[in-house]
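Fit chain G to the known structure of chain B by using the hints.
Sequences listed follow chains B and G, in order. Heads up: the first sequence begins at 1 in UniProt numbering, then just goes up one per residue. Heads up: the second sequence begins at 1 in UniProt numbering, then just goes up one per residue.
Source of the hints: derived by calculation from the structure; they are not laboratory data. Every residue, glycine too, gets a C-beta built ideally from N, C-alpha and C. Accuracy of the hints is not assured; some may be wrong.
Not close to chain B: a few residues of chain G, all C-beta gaps over 12 Å, as computed [as the list claims (entries may be wrong)]:
no.: 1; residue: E186
no.: 2; residue: M199
no.: 3; residue: Y204
no.: 4; residue: T376
no.: 5; residue: Q669
no.: 6; residue: T701
no.: 7; residue: C705
no.: 8; residue: Q714
Taking lysine-lysine pairs in the DSSO-like style, the calculated list, with each CA pair at most 27 Å apart, reads [stated by the list, open to error]:
no.: 9; chain 1: B; residue 1: K68; chain 2: G; residue 2: K423
no.: 10; chain 1: G; residue 1: K632; chain 2: G; residue 2: K657
no.: 11; chain 1: B; residue 1: K69; chain 2: G; residue 2: K334
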Amino acid sequence: MLTRIEAHKSVIGTIVVNADGIPIRTTLDNSTANQYAGLFRQLTLMARSTVRDIDPQNDLLVLRVRSKKHEILVAPENDFLLIVIQNECE
Amino acid sequence: MLTEMLIVILSPSSSRTINISVSGIQSTRDTNGVIGCPSRKSFIGECNNDVTPQPLYQADPAAAQSKASRLFLDEISAGSASDQTTATGSFTMPFSRSIFGSSRISSQSTIESVNEEIEDTFPKRDLPINFPEVQRKRDIVKEHVTEDMLKEVTDISISETDSISLLDIPSTFVSVDADDAEATMERNNQYAELCRNRMGNDKYVDQSVQTLNGAAKNKQVQSDSIMMVDSATTVTTWDMYDSLISPEQCEELCSQELRRADCPEVGVDTSRGAERSVSVGSTASSGNSEGEVEAFGSGLNAESDLQLIMLSERFHHSLLVMERSILGNTFQPKLAAYRQLPVTHEPDSLVQPGMVEQREEDTHSPPSPAVERLWTFSCELSRGRSVHTMAWNKKNPDLLAVGYGEFGFSNQKPGLVCCWSLKNPTWPERAIQCDSAVTSLDFSSNNPSQLAVGMQDGSIAIYNVKNQESEMFFTSVCSECPNRHLDPVWQLRWTQQELSPTGEEEIESLFSVAADGRISKWFICRSGLDCIDLMKLKKIQTTKKKVGGTQTESVLSALTPGLCFDFHPTDSSVYLVGTWEGLVHKCSCSNNQQFLETYRKHFCPVNCITWSPLSPDVFLSCSSDWTIQLWKQDRHHPMLGFSSTQTAVCDIKWSPKWATVFGAVNEGQLAIWDLNSSLLEPIIVQPAAAGVKMKSLLFATQTDCVLVGDSDGQVAVYQLKNLSVGESSQVQLLDRVQSDVSEDYSACLNGL
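In isolation and in its complexed conformation, chain B is listed as follows (with noise of 0.2 Å):
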């Protein structure tokens, strides 16, 4: 399932980053990994929080950040945080 994601043509790059935010999988080069890892798991468990507060039985599913460039998917979990990177369709 994962490689049919990294297999998606306008899928730039996936990363699976572990509990202590080291990204154990990934398809883009480590530093980059590296540093979405690092960045993003504070934004998750920023807005997870955020979320949970005005509901505690709400969680999060999905975030997105889309920019000018491309949009950001990220899944976060207990575990695990899973980002992939998509481009702008069409």
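Frame of chain B, contents of chain G only:
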């Protein structure tokens, strides 16, 4: 009052400080109060200061007050004291005591002599034991006293005296009625008068007394410094919720984390374990800067982590969500068009100018009915297989089941059932491999996750598609069910029958029609599926004559294959069957011997038959004789016949929204007919892609889209556009039908 004075004289002449002080005073008064006199103490300061309390009363020459007969000096050794010029004393003050009847004090001299000796006398204590010694020492080493005495370590003890009460006159109360009340009152009056007369009276002289404050002593104590640690925590709503409401989940996750920490694959467990905090909410660890350092040291850990993560269910779920999000981005315009939502455009995309032009073009030209291809469900699994049947899920309208199979006699590939979700057109949600080619599918309405699959070898299986690995509920395979179909099951349908005997719920049963000429109703028995036959399709040979004679024919099966059937939308006991012979029979569930009616028109196998969902008495049938016939239930002849191409019509379906619209698929094209606008031609014709034959058709229930399955394993979704349909389609349909009927009649009459 008796007062006795005791004068203690301190010699000031020596340079050395005095380390001996006077004893306490003991004095009493006769009438009132007792002044407690503590034992004599030495008041020696640490720095060898003289901290002796000063005498409280300066001996006055007007010591006429002292009527004491004797003066006591407490061990004033005049002689020796005079020699001890060591006592420096910054003062010499007579120290007076007043003693009452004291026998403790021994004195030698009178006041006068004391006064004379003030300069030289040195008070001597009797209690401090070391004092005489000291004095003797001083006597002995008089010459070297300065050096040695200075170096000597002396014991210094300072203790507190008892409280000295100087004046204590408790007041007494005398009752007015007492005997000596008068005397007391008189005395009181005298006193009051005295007080009044006091001011300016010569008898009384004011004299002030100053109490001397003792020297203050500073005492410092040093203690250990208190360690202060700052501790802070952020309390969030979800944190409280987590700890209060779901402790079990926390424990589970904790145990999972601990298990991971104990994973013996890598030896660096302790460090990892220490890092993993037990609390679920905080997965924070060292920052990114440390990550790189750790990455090297725990490279092995990363792999085990990866494995664990990959296998975990949550990862799969996340992947699912992620994939759908990605695809949602990609397919967003298409899906939005499908769901009839406004399409969002990229704000800065380069395609925009072109699209703007296109939109302008559209507005200029009059819109004509067309289909627009939105997307295609296809993947490698399904490529190359032919789509035979499709069915929507009854509960979740986004879920589509597609059955694939090859029908060539030469290659009998095993069949495949894929459950597609609209949200993911690139990969099916479920893919079920079947033993043989799949010929029919239907989802159950009572249990929406049950999917019944009919196959080419006549077996029927019911799958539960809820879980990731869809399991087969029941199957009727050859050895298990004696009544199974022996020939391909051409159509399956779940239908709700009448109310059960309890009258509470409708039971749903599975019906099937197969090429062995039987229509069966299936139910679940102990060992699997079992069926009872509803109807056997007997061949009706009124018009045909067999060459071979009837004898041989009786050997062969007297049943004709049934190819399709459809239950009446409202009355579920009546159904129509289309047969190989081209006959359409109307049957009833209760009567399994005879047909209610027979409709003859086709002379080739009837491929599909369907009731109109909106108009109760009308149904359509299509067959391989290139025609589509529109029938009314009570007429033996079709109302209308349509024919547009010269190929067999494979599939036909009514539109669920418009009563006059239906779609037909033959091998080369998709044709959408609108009875309202044209009877002779379909309004929309979409030719198939090259080399691909369109095989089956399905309308989308909620939107105006059409799904077409073809022989390459692709299911294309087309959106119907610009279909101008009248408002009240039903009425129009009937009107049309009636007008056509009249046309037919007139044509017949004219023709005849």
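Cross-check of the supplied hints:
For E186 (chain G), the non-interface assignment is confirmed: its Cβ lies about 89 Å from the closest Cβ of chain B, beyond the 12 Å cut-off. Once the 12 Å rule is applied to beta carbons, M199 (chain G) is consistent with being away from chain B; the minimum gap is 82 Å. A cut-off of 12 Å between C-beta atoms confirms that Y204 (chain G) is not in contact with chain B; the least separation is 85 Å. Taking the minimum C-beta to C-beta distance to chain B, about 15 Å, the non-interface status of T376 (chain G) holds against the 12 Å cut.
Consistency note on Q669 (chain G): stated as away from chain B, and its beta-carbon is indeed over 12 Å from all of that chain's, at 29 Å minimum. For T701 (chain G), the requirement that its beta carbon stay farther than 12 Å from each beta carbon of chain B is met, with the minimum near 28 Å. At roughly 21 Å from the closest C-beta of chain B, the C-beta of C705 (chain G) stays outside 12 Å, upholding its exclusion from the interface. For Q714 (chain G), the non-interface assignment is confirmed: its Cβ lies about 18 Å from the closest Cβ of chain B, beyond the 12 Å cut-off.
Taken as a hint, the K68 (chain B) and K423 (chain G) pair is honoured in the structure, with Cα atoms around 25 Å apart against an allowance of 27 Å. With a C-alpha separation of about 20 Å, the suggested pair K632 (chain G) and K657 (chain G) falls inside the 27 Å cut-off, and the hint holds. About 22 Å separates the Cα atoms of K69 (chain B) and K334 (chain G), which keeps this hinted pair within 27 Å; it holds.
Violated hints: none; the structure is consistent with every hint.
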